[in-house]
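The task is simple: from the sequences and hints, build the whole structure.
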Amino acid sequence: QVSELVQFLLVKDQKKMPIKRTEMLKNVIHSTAAYSEIVNRAGRTLQEVFGLQLVEIDTKRHTYILINNLPRAEGQYLCRDKEKEKMGLLLVILSFIFMKGNSVKDSALWEFLNLLRVYPGKQHRVFGDVRKLVTDEFARQKYLEITPIPLTDPTEFKYQWGPRAEKETSRKDVLKFVAKVR
Amino acid sequence: ENREAMLNSKSNRLTEALEEANKLFDGVCRAREAALDAQFLVIASNIGKEKANELHSEMSAFDSTAFAEDLLTFMGINRTEVEETDDSEDVPGGFLPSDAWQTMGEEAPKYFRRAPTFHYMMGSFKSEPPVPKQRIERQKKANRGKAERAMPAQLKKMEESHQEATEKEVERILRILQTHFENDPNTPISFFDFVIDPNSFAHTVENMFHVSFLIRDGLAKIKLDEDELPIIEPTKPSGRREEDSRAGARNQVIISLDQREWK
Numbered sequence: 001q002v003s004e005l006v007q008f009l010l011v012k013d014q015k016k017m018p019i020k021r022t023e024m025l026k027n028v029i030h031s032t033a034a035y036s037e038i039v040n041r042a043g044r045t046l047q048e049v050f051g052l053q054l055v056e057i058d059t060k061r062h063t064y065i066l067i068n069n070l071p072r073a074e075g076q077y078l079c080r081d082k083e084k085e086k087m088g089l090l091l092v093i094l095s096f097i098f099m100k101g102n103s104v105k106d107s108a109l110w111e112f113l114n115l116l117r118v119y120p121g122k123q124h125r126v127f128g129d130v131r132k133l134v135t136d137e138f139a140r141q142k143y144l145e146i147t148p149i150p151l152t153d154p155t156e157f158k159y160q161w162g163p164r165a166e167k168e169t170s171r172k173d174v175l176k177f178v179a180k181v182r
Numbered sequence: 001e002n003r004e005a006m007l008n009s010k011s012n013r014l015t016e017a018l019e020e021a022n023k024l025f026d027g028v029c030r031a032r033e034a035a036l037d038a039q040f041l042v043i044a045s046n047i048g049k050e051k052a053n054e055l056h057s058e059m060s061a062f063d064s065t066a067f068a069e070d071l072l073t074f075m076g077i078n079r080t081e082v083e084e085t086d087d088s089e090d091v092p093g094g095f096l097p098s099d100a101w102q103t104m105g106e107e108a109p110k111y112f113r114r115a116p117t118f119h120y121m122m123g124s125f126k127s128e129p130p131v132p133k134q135r136i137e138r139q140k141k142a143n144r145g146k147a148e149r150a151m152p153a154q155l156k157k158m159e160e161s162h163q164e165a166t167e168k169e170v171e172r173i174l175r176i177l178q179t180h181f182e183n184d185p186n187t188p189i190s191f192f193d194f195v196i197d198p199n200s201f202a203h204t205v206e207n208m209f210h211v212s213f214l215i216r217d218g219l220a221k222i223k224l225d226e227d228e229l230p231i232i233e234p235t236k237p238s239g240r241r242e243e244d245s246r247a248g249a250r251n252q253v254i255i256s257l258d259q260r261e262w263k
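Chains as they are written, first to last, in UniProt numbering: chain A, 1 to 182; chain B, 1 to 263.
No wet-lab data here; the hints were simulated from the structure. Owing to the predicted nature of the structure, the values given are computational and were not obtained by experimental measurement. Check each hint, because a few of them may be wrong.
Coverage of chain B stretches by chain A, computed from C-beta distances (three or more under 8 angstroms per stretch; other residues unrestricted) [stated by the list, open to error]:
no.	stretch
1	66 to 72
2	107 to 115
3	211 to 223
A few chain B residues that don't get close to chain A, going by computed Cβ distances all over 10 angstroms [stated by the list, open to error]:
no.	residue
4	Leu18
5	Gly76
6	Arg172
7	Ile189
8	His203
9	Glu233
Not everything, but these chain B residues come out facing chain A in the computed CB check (under 7 angstroms) [unchecked claim]:
no.	residue
10	Phe62
11	Trp101
12	Met104
13	Phe118
14	Met121
Just so you know, even glycine gets a beta-carbon here, dropped at the ideal spot from N, CA and C.
This is the structure:
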């Protein structure tokens with residue numbers, strides 16, 4: 001059952017959406033008693049065989065993500081261009097949020113992105129519907145945490161680093177990026 | 001209201017509003033008014049927090065516009081050419097190449113510890129099984145076809161034989177009766193002698209069953225003789241037809257026979 005769970009997690013991670021405990025119980029494990037043991041063993045397998053870490057990002061709702069535990073390899077990455085470009089945009093957004101004190105208003109973020117020729121209302125040549133990419137995909141993948149600001153009308157949102165961003169990168173690394181670009 | 005005005009760090013509007021609220025509170029004597037005052041305080045503190053944030057970012061050396069410019073440079077913007085688009089005028093001039101974000105994409109993964117997307121090396125399992133499956137399916141279909149054909153044939157045979165059996169039996173009995181009568185033309189046979197099988201009760205019943213068919217079809221007659229015992233004789237072919245046309249007298253004989261009697 002452990003290997004079944006490992007395979008389940010690997011496949012589920014393809015879209016980078018967090019994996020819920022309920023999904024694991026429903027599809028693979030079928031027994032709440034053995035749950036933690038199986039999850040622990042699966043985590044060990046993932047680490048030893050694939051070099052991936054199974055991290056619980058929400059202890060209340062029990063959702064998990066997979067991150068890469070291996071040191072970054074030098075040289076060109078073989079992954080697809082689309083994914084890399086999205087990561088480029090994400091990195092830019094994360095560095096902006098960080099440099100602005102870890103939390104920005106949506107208006108400030110889009111003002112900044114406009115400077116980079118990225119507009120929420122306009123279809124982007126590379127990203128398509130950028131607003132959807134940022135507010136929907138990045139948020140659901142837990143790279144960004146978007147919360148409404150209370151007592152605002154119309155509702156404004158604030159953008160912060162999401163739990164996946166916290167795990168997959170660090171403020172130190174992002175700072176290095178900012179310094180590199182300058 | 002007037003949020004932007006209050007947020008402006010140079011203005012004291014927020015302080016003024018707080019002081020005014022303080023004064024107003026002295027005149028409060030209803031709970032509802034106090035609630036309004038509380039609401040105002042919440043909003044005021046939110047604005048105060050935002051102001052503090054703004055203050056912080058202004059004191060830091062981070063200039064987002066400059067950062068944006070640096071990013072564009074990193075992505076390979078060509079500032080000598082002017083891009084002809086209908087963008088708004090506050091966008092910095094310069095031609096952003098189409099692979100701008102690819103350049104960014106080359107740099108970005110270095111900063112993320114992202115698990116590589118999992119893909120099956122062999123693709124989804126479609127390659128081999130279908131071929132033998134088709135062959136097996138074809139064979140199975142062939143077999144099934146034959147089996148089915150065999151089945152209806154068998155069934156038909158059975159049904160035929162079933163019907164035939166009865167008819168054959170009836171015919172057989174008729175022939176026996178006729179043969180007897182040929183040998184002895186004027187003596188009808190005792191019914192009981194004819195049908196009873198001394199060895200098997202079931203067979204006796206069967207014989208009676210077959211004889212009843214003969215009677216029904218008018219191929220044999222049962223009469224009562226001098227001793228009130230039933231006798232059976234085959235009807236003559238011509239006689240039969242006459243009888244039919246007469247819509248004739250067909251008597252029914254009910255015989256009950258149980259095992260004891262039979263014995």
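Right, here's what the structure says about each hint:
1. Counting residues of the stretch 66 to 72 of chain B whose CB lies closer than 8 angstroms to any CB of chain A gives 6, which reaches the minimum of 3, so the coverage claim holds.
2. Residue count for the stretch 107 to 115 of chain B with a Cβ under 8 angstroms from a Cβ of chain A: 9. That meets the three needed, and the coverage hint holds.
3. With a threshold of 8 angstroms between beta carbons, the proposed coverage of the stretch 211 to 223 of chain B by chain A is violated, since 0 of its residues qualify and at least three are required.
4. At roughly 17 angstroms, the least C-beta separation between leucine 18 of chain B and chain A is larger than 10 angstroms, which holds for a residue marked as non-interface.
5. Look at glycine 76 of chain B: its CB is around 12 angstroms from the nearest CB on chain A, clear of 10 angstroms, so calling it non-interface holds up.
6. Residue-level check passed: arginine 172 of chain B sits 70 angstroms from the nearest beta carbon of chain A, beyond 10 angstroms.
7. With 10 angstroms as the threshold on Cβ separation, the claim that isoleucine 189 of chain B sits away from chain A holds: the shortest Cβ distance comes to roughly 81 angstroms.
8. Against chain A, the non-interface label of histidine 203 of chain B holds: every CB pair exceeds 10 angstroms, the least being about 65 angstroms.
9. No beta-carbon of chain A is positioned within 10 angstroms of the beta-carbon of glutamate 233 of chain B; the least distance is around 83 angstroms.
10. For phenylalanine 62 of chain B, the interface hint holds, since its Cβ comes within 7 angstroms of a Cβ in chain A; the closest pair sits about 4 angstroms apart.
11. The restraint placing tryptophan 101 of chain B at the interface with chain A holds, with a minimum CB-CB distance near 4 angstroms, inside the 7 angstroms limit.
12. Nearest Cβ of chain A to the Cβ of methionine 104 of chain B: about 3 angstroms, under the 7 angstroms cut. The hint holds.
13. A distance limit of 7 angstroms between C-beta atoms decides the matter here; for phenylalanine 118 of chain B the minimum to chain A is near 4 angstroms, and the interface restraint holds.
14. Hint status for methionine 121 of chain B relative to chain A: violated, with the closest Cβ pair at about 12 angstroms, above 7 angstroms.
In terms of the numbered hints stated before, the structure departs from hints 3, 14, listed from lowest to highest.
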